[in-house]
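Trainee: My request is simple: use the sequences and hints to build the entire structure.
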Amino acid sequence: MTYDFPDASGYFGRFGGSFVPETLVPVLEQLRTSYAEAWGDKEFRARFRHLLREYVGRPTALTLAERLTAHYGRARIYLKREDLCHTGAHKINNAMGQVLLALRMGKERIIAETGAGQHGVATATACARFGVPCIVYMGEEDMRRQQLNVERMQLLGAEVRPVQSGSRTLKDATNEAIRDWVTHPGDTFYVIGSVVGPHPYPMMVRNFQRVIGEETRAQIEEAEGRLPDYMLACIGGGSNAIGFFHPFLEEETVAMYGLEAAGEGVETSRTAATLTRGAPGVLHGSMSYLLQSGEGQVHLAHSVSAGLDYPGIGPEHSHLFDRGRVDYRAVTDAQAMEGVKLLSATEGIIPALETAHAVAFLEELMPQTEEGELVVLNCSGRGDKDMSTITEWTGREK
Numbered sequence: 000m001t002y003d004f005p006d007a008s009g010y011f012g013r014f015g016g017s018f019v020p021e022t023l024v025p026v027l028e029q030l031r032t033s034y035a036e037a038w039g040d041k042e043f044r045a046r047f048r049h050l051l052r053e054y055v056g057r058p059t060a061l062t063l064a065e066r067l068t069a070h071y072g073r074a075r076i077y078l079k080r081e082d083l084c085h086t087g088a089h090k091i092n093n094a095m096g097q098v099l100l101a102l103r104m105g106k107e108r109i110i111a112e113t114g115a116g117q118h119g120v121a122t123a124t125a126c127a128r129f130g131v132p133c134i135v136y137m138g139e140e141d142m143r144r145q146q147l148n149v150e151r152m153q154l155l156g157a158e159v160r161p162v163q164s165g166s167r168t169l170k171d172a173t174n175e176a177i178r179d180w181v182t183h184p185g186d187t188f189y190v191i192g193s194v195v196g197p198h199p200y201p202m203m204v205r206n207f208q209r210v211i212g213e214e215t216r217a218q219i220e221e222a223e224g225r226l227p228d229y230m231l232a233c234i235g236g237g238s239n240a241i242g243f244f245h246p247f248l249e250e251e252t253v254a255m256y257g258l259e260a261a262g263e264g265v266e267t268s269r270t271a272a273t274l275t276r277g278a279p280g281v282l283h284g285s286m287s288y289l290l291q292s293g294e295g296q297v298h299l300a301h302s303v304s305a306g307l308d309y310p311g312i313g314p315e316h317s318h319l320f321d322r323g324r325v326d327y328r329a330v331t332d333a334q335a336m337e338g339v340k341l342l343s344a345t346e347g348i349i350p351a352l353e354t355a356h357a358v359a360f361l362e363e364l365m366p367q368t369e370e371g372e373l374v375v376l377n378c379s380g381r382g383d384k385d386m387s388t389i390t391e392w393t394g395r396e397k
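According to the working numbering, the sequence shown is numbered sequentially starting from 0.
Everything labelled a hint here was simulated from the structure, so no lab data went into it.
Any given hint might turn out to be false.
As the list claims (entries may be wrong) - Simulated DEER-style distance windows between Cβ atoms: (1) Glu266 with Leu102: 45 to 51 Å; (2) Lys397 with Gly185: 53 to 59 Å; (3) Gly264 with Leu102: 43 to 49 Å.
Glycine included, every Cβ here is placed at the ideal spot set by N, Cα and C.
Mentor: As structure tokens, this is what we get:
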């Protein structure tokens, strides 16, 4: 299978594109041109790789999960340790790349949106590293759930602007960030945290995150002498998953699973399972699967994980879903909490609630695997930020 997306207009099959107010058309054209020039510039890419190595701490480890493997007694399980990145999640890869691009373009002001706070922390970190003013929009509900990350962003010098509209989560924070961007198109660079938004963001973020999959490929070949049989990653917008999967998409022997948040169940209204329950539509500048009514009104999403609490998904994931190249499954809040407990108890690694959705899917996948096969799970972030939510949940169980 030859895979070469997006096309020149930013489409992944029928998904993607650029649906934006007229004010942003020249801004996006400038971004497309500047990104293409930067990505083709050896010096820019060398500086990006230098920052990933010397500041972010790459390459991250590929760890054989010995006790988790023994727990199931089937395929060997490896963890790609993005939780070991500086700031504790894969988000820093993309933030460093986009802030570096903003500096090259001469932008004087950075804005971002965040749900779980990891993208906000990563952007605030990159801005502090380079001395650039930073404003982060965040829903009030997410600020309550992720208070530690709010304090981290403020300590790093960012202004965190609370968003009180709608469900007061990531969708509403994104709406506010776009309003800011439309108002200040000349001097402002919008650092989008996932593979969503108008072209070229989905492609650009994917390429900044592709380092995850490139390292995984080299590391598993060194450790096992071959490619994995199964790859697992959680998806909200889908940036960690697409960066992890992309270097393997043409390898038809590698089965890939994207785990989205079912919330309280895909049969309920309290879910964030965009691909399982959604339909094609336009949100935040691109065509993709969305949770929506028959009249096209976007539904509120729900997940115990603030990072997955989003009614849309990246257009490339929608394309891969339609093609059947990646198998997307839904995992409930309760199952994700069991994933937290399992990885913590067997490996001494407290995963982010986002990552826990992928861990939980092992219960379904592992009985189908055989001894000698290989599973690689992308451990996209660490769970420190989620401890209050985890403690509250486990307290209710007692």
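Trainee: Out of the numbered hints, which ones does the structure contradict?
Mentor: No numbers; nothing is violated.
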